[in-house]
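Student: Use these hints to put chains B and S onto chain V, whose structure you have.
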Amino acid sequence: MRSLDLTNTRFCLTALLLLSLVCVLAPHPARAQSPSNPEVTDHPNDDGSAVILSFGLAGDELLELMPQVQIEGVWHDTETAPVLLSSLDKRSDHPEIYGWGVTDGNAELRPDDYYVPISKYVTVGEDGEPSVVPVSPELGEFAVRLVVDPAGRAESHPAGSVQATGQLFNRNMSFRVLLAFLFAGIIMYFILAARRNPNIFIRRIAGLEAVDEAIGRATEMGKPVLHINGLDSLATLSTVAAVNILGRIAGKVATYESDLLVPCFDPVVMTVSQEVVKNAYIEAGRPDNYREDNIYFLTDQQFSYTASVCGIMLREKPAANFLLGYFYAESLLLAETGNTTGAIQIAGTDAQAQLPFFITTCDYTLIGEELYAASAYLSREPMLLGSLRGQDLAKAFVMVMIFLGTLLSTFGSEWLSRLWTPL
Amino acid sequence: MMFLRKQLPIILAFVIGLGLWLQAYIPHRTSSAGLTTFTQSWAVILAGCALLLGILSAVHHHWTKIKLRRQGFAYSIITLGAFVVTLVAGLSWWNWPGFGAAKMADGSLFTWIFDNVFTPLAATMFSLLAFFIASAAFRAFRARSFEATALLIAGCIVMLGRVPIGELIPLGGGHDLSDVAGWIMNVPNAAAQRAILVGVILSQVAISIRIIFGIERTYMGGSD
Amino acid sequence: MHNLAKIILNLDRRIIYSVVMLCVAIPLIRPFGLPFRVTPEVRDGYELIESLKEGDVIVISCDYGPSAEAETHPMYVALLHQCFRKGIRPVILTLIPDGPGLANRGLEDVLAYQDAEGQKPYEHLESGKDYVFLGFKTGGQAIMIGIGQGFTGTFPTDYNAQETAAMPIFRDAPKLADTKCVFDIASVGYPDFWIPYGTERAGIPFIVSCTAVSAPQYYPYYAAGQATGLIGGMKGAAEYESLVDMAAITGSDGPATKGLDAQSAVHVFIILAIIIANIFYIIDRRRPLSGGVA
Chain V
8 MRSLDLTNTR
18 FCLTALLLLS
28 LVCVLAPHPA
38 RAQSPSNPEV
48 TDHPNDDGSA
58 VILSFGLAGD
68 ELLELMPQVQ
78 IEGVWHDTET
88 APVLLSSLDK
98 RSDHPEIYGW
108 GVTDGNAELR
118 PDDYYVPISK
128 YVTVGEDGEP
138 SVVPVSPELG
148 EFAVRLVVDP
158 AGRAESHPAG
168 SVQATGQLFN
178 RNMSFRVLLA
188 FLFAGIIMYF
198 ILAARRNPNI
208 FIRRIAGLEA
218 VDEAIGRATE
228 MGKPVLHING
238 LDSLATLSTV
248 AAVNILGRIA
258 GKVATYESDL
268 LVPCFDPVVM
278 TVSQEVVKNA
288 YIEAGRPDNY
298 REDNIYFLTD
308 QQFSYTASVC
318 GIMLREKPAA
328 NFLLGYFYAE
338 SLLLAETGNT
348 TGAIQIAGTD
358 AQAQLPFFIT
368 TCDYTLIGEE
378 LYAASAYLSR
388 EPMLLGSLRG
398 QDLAKAFVMV
408 MIFLGTLLST
418 FGSEWLSRLW
428 TPL
Chain B
13 MMFLRKQLPI
23 ILAFVIGLGL
33 WLQAYIPHRT
43 SSAGLTTFTQ
53 SWAVILAGCA
63 LLLGILSAVH
73 HHWTKIKLRR
83 QGFAYSIITL
93 GAFVVTLVAG
103 LSWWNWPGFG
113 AAKMADGSLF
123 TWIFDNVFTP
133 LAATMFSLLA
143 FFIASAAFRA
153 FRARSFEATA
163 LLIAGCIVML
173 GRVPIGELIP
183 LGGGHDLSDV
193 AGWIMNVPNA
203 AAQRAILVGV
213 ILSQVAISIR
223 IIFGIERTYM
233 GGSD
Chain S
24 MHNLAKIILN
34 LDRRIIYSVV
44 MLCVAIPLIR
54 PFGLPFRVTP
64 EVRDGYELIE
74 SLKEGDVIVI
84 SCDYGPSAEA
94 ETHPMYVALL
104 HQCFRKGIRP
114 VILTLIPDGP
124 GLANRGLEDV
134 LAYQDAEGQK
144 PYEHLESGKD
154 YVFLGFKTGG
164 QAIMIGIGQG
174 FTGTFPTDYN
184 AQETAAMPIF
194 RDAPKLADTK
204 CVFDIASVGY
214 PDFWIPYGTE
224 RAGIPFIVSC
234 TAVSAPQYYP
244 YYAAGQATGL
254 IGGMKGAAEY
264 ESLVDMAAIT
274 GSDGPATKGL
284 DAQSAVHVFI
294 ILAIIIANIF
304 YIIDRRRPLS
314 GGVA
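Protein chains in written order, with our numbering: chain V, 8 to 430; chain B, 13 to 236; chain S, 24 to 317.
Pulled out of the complex, with its shape left as it was, chain V reads as follows (with noise of 0.2 Å):
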């Protein structure tokens, strides 16, 4: 822990480092001047990592200025630790500490425009090496002054005394959480106004209608239906709304008395399929037509799994492939494979780059949030499907915002945008 180390060795720290930061003019003593009001404050909205110190000095009087100063922290009057500057700022550039101000784009720079983030300090060990110590709250309370030195006199500006602190609540986020409560009010309203009057409408989606079609297709046949969850692992939403849907389709095959093939790609998705494909069957009333051996892992190594699959669509021909869920490359070779075998291919995605590769081999393909609506739209649960009302809502609303934040900005407001810009 560097902060224990801060501890020990505090009473040794004597050494000082000057980092120059910006100097491509040649310096004018003459015309420089001190800097004025330097003040120091903790960093707004972090977790006590650092502090800052701010000062008033014209543009080209800090050009000038920089390389003969340095910063100090300063504990309890005698101990000093130079302080490493890794910047100097303009605060027109830093809206998640100082908000948007006025002084942004190209007006002119007013003398207390510029601060210093500081969050490193230079100690002295008791091996007698320097090392970087990060600021932090274990640091205590700490004095920081600037020290100019021009023509060789050094000048001593204090600018108070601070303590880094962690904030429990990020402001800057405060939009955010205010758009999260009002997103998920809508969501949770609709979902429970769907309890009321479950008779909600929702559109018809091509690739769903055809699900019944693809697995009565399998049965006449004689044939497997195929379900692919996707390359990614339960953490990613789109294969937990696949195995939402595995549940749907599940049960209509276990109805229609067909064979289910699930190889998965993640061991865990595979145990959640089994459970699922398992209820599925207790409830179509078949339980012993469940076989845990159709669900089964083949390797979490992209392309070794897609050549696996390549070969069961080869080899057990099914009539019906779902391929839904987060794809990668491997999307193209599953959805042409499964093209070339004949079978009914029903494919869904939100990976945006894979939507035109099964768009081209693919029957039906649920796009982007019709993937999560297909759970909701199988079942037709009152309750999924006033979620999806809520849904369409939030994103009218953030139709308008777009709108609107596009208007003001074109007549030169940039209010709204930097309400939805994240700091």
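If you're looking for bench data, these hints aren't it; they were derived computationally from the structure.
One or more hints might be untrue.
[What the hints assert, rightly or not] Dumping the calculated BS3-like pairs for lysine-lysine here, alpha-carbon to alpha-carbon at most 25 Å: (1) S:K109 to S:K203; (2) V:K324 to V:K230; (3) B:K79 to V:K230; (4) V:K259 to V:K324; (5) V:K127 to S:K76; (6) B:K18 to V:K259; (7) S:K152 to V:K127.
[To be verified] Some, not all, of what chain V presents toward chain S, calculated at C-beta under 10 Å: (8) V140; (9) A242; (10) Y333.
Here the structure is a predicted model, which is why all the values come from computation and not from measurement.
Glycine included, each C-beta is placed from N, C-alpha and C at the ideal position.
Tutor: Chains B and S in isolation, oriented as in the chain V frame:
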């Protein structure tokens, strides 16, 4: 038993889901330290257990196939054989004849298998994409409607514009085909991708809420 | 004509595959050396790295496996040359299990690189001080959040089992926010996660290098400024190689540049195939209509 199978997972999903969501807004180091410890420890534990589970499942599947002489069982023999060879190569603490290192160190049999068997095989599978893209484009890229024609033309421009030959096709005014391709990628493509992304993210918010509040439970292996 | 259309439209896939194979093989054996220009999205990424000072630390996340080696590995090699030449110190890690082999091989190749005079310019570089390879750790997003808090806590040892706590590179850059950028070279979907879990939290720039197939989905990030640079596929890697001037460094074009002619040839063939297929599709569609078939 019912509590373990039904209620406990819902309670866990609720508490952890809400906790991870709130954590994103708390910059204090205790918050991220807690999250890091929690997620990293569990990620490692789960990955280890899952790997074991996966190996057992794969071995069981292929072994059953061989035992019952099912269609394609010869492939299962090759799979299990390759699995055993790679496993032994990775675990063996002695140097195999002709190799200067043991276990998974550089120069070992294991790295030889990785570099000379696994890498070319994986690259071969990936490179099949070029063949499949050509075949799929030939078969499915048809000017069936106005939209399909627009898609086809845009696709051809991007294909040509993203390779050096596109820069040799001038369009006047100092521009060439690669500029048009760049515009298609940066403007209409980015706009469409954003639209899909917004829909997907909102769907993910909805599915997360459904999971956190126990409305969506299919993933637990049970019905709703 | 109608019969010809039928034949063409039902052409055996193997014929198409054979032509593709020729289109790849011939330019590789006899390159045309087509010139190419650097696109703004690649230049932006390159210039960000160029703007860094000697001693600055960056993170390179090698999230690609052997399958995507042809498209992504040349980018990694060019980037390492750029870093070492400028004295920029890379912290290299991988979030996928099949990543360490290639990442380590690329690093070793560049460190052992010999110039035209037989000198090894990077021979003096020390692991832990001038660069470090942390290897693979499972967890993906958890790792990104973890290194946001501290590298040494998340990776107590590096790829060669050396303790990271004592490494000078981590004294200067103990956590992600102390580095100058994250450069993700990916064949998987990790760029989507690096932005919210890594770079936005740390407030540092992000550059993505990916396969050509996945490049379109990262354009919104580039357009929004969340990704400073976007290097897509072999073409992007070739552009980066030209900016780093790999031809001058190694005495010949980089592997991505060498592959561009083959890529051009295949693209032209695919376009010709689409045009031919559509001509015959139109012929095939018209005939039954003129024959009055309902």
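Student: Work down the list of hints and note, for each, if the structure agrees.
Tutor: Structure-based check of each hint:
1. S:K109 to S:K203: 14 Å, holds
2. V:K324 to V:K230: 7 Å, holds
3. B:K79 to V:K230: 23 Å, holds
4. V:K259 to V:K324: 20 Å, holds
5. V:K127 to S:K76: 18 Å, holds
6. B:K18 to V:K259: 24 Å, holds
7. S:K152 to V:K127: Status holds; Cα separation ~18 Å.
8. V140: Holds: closest Cβ of chain S sits about 9 Å from V:V140, inside 10 Å.
9. A242: 8 Å, holds
10. Y333: 7 Å, holds
Checked against the numbered hints given earlier, the structure satisfies every one of them.
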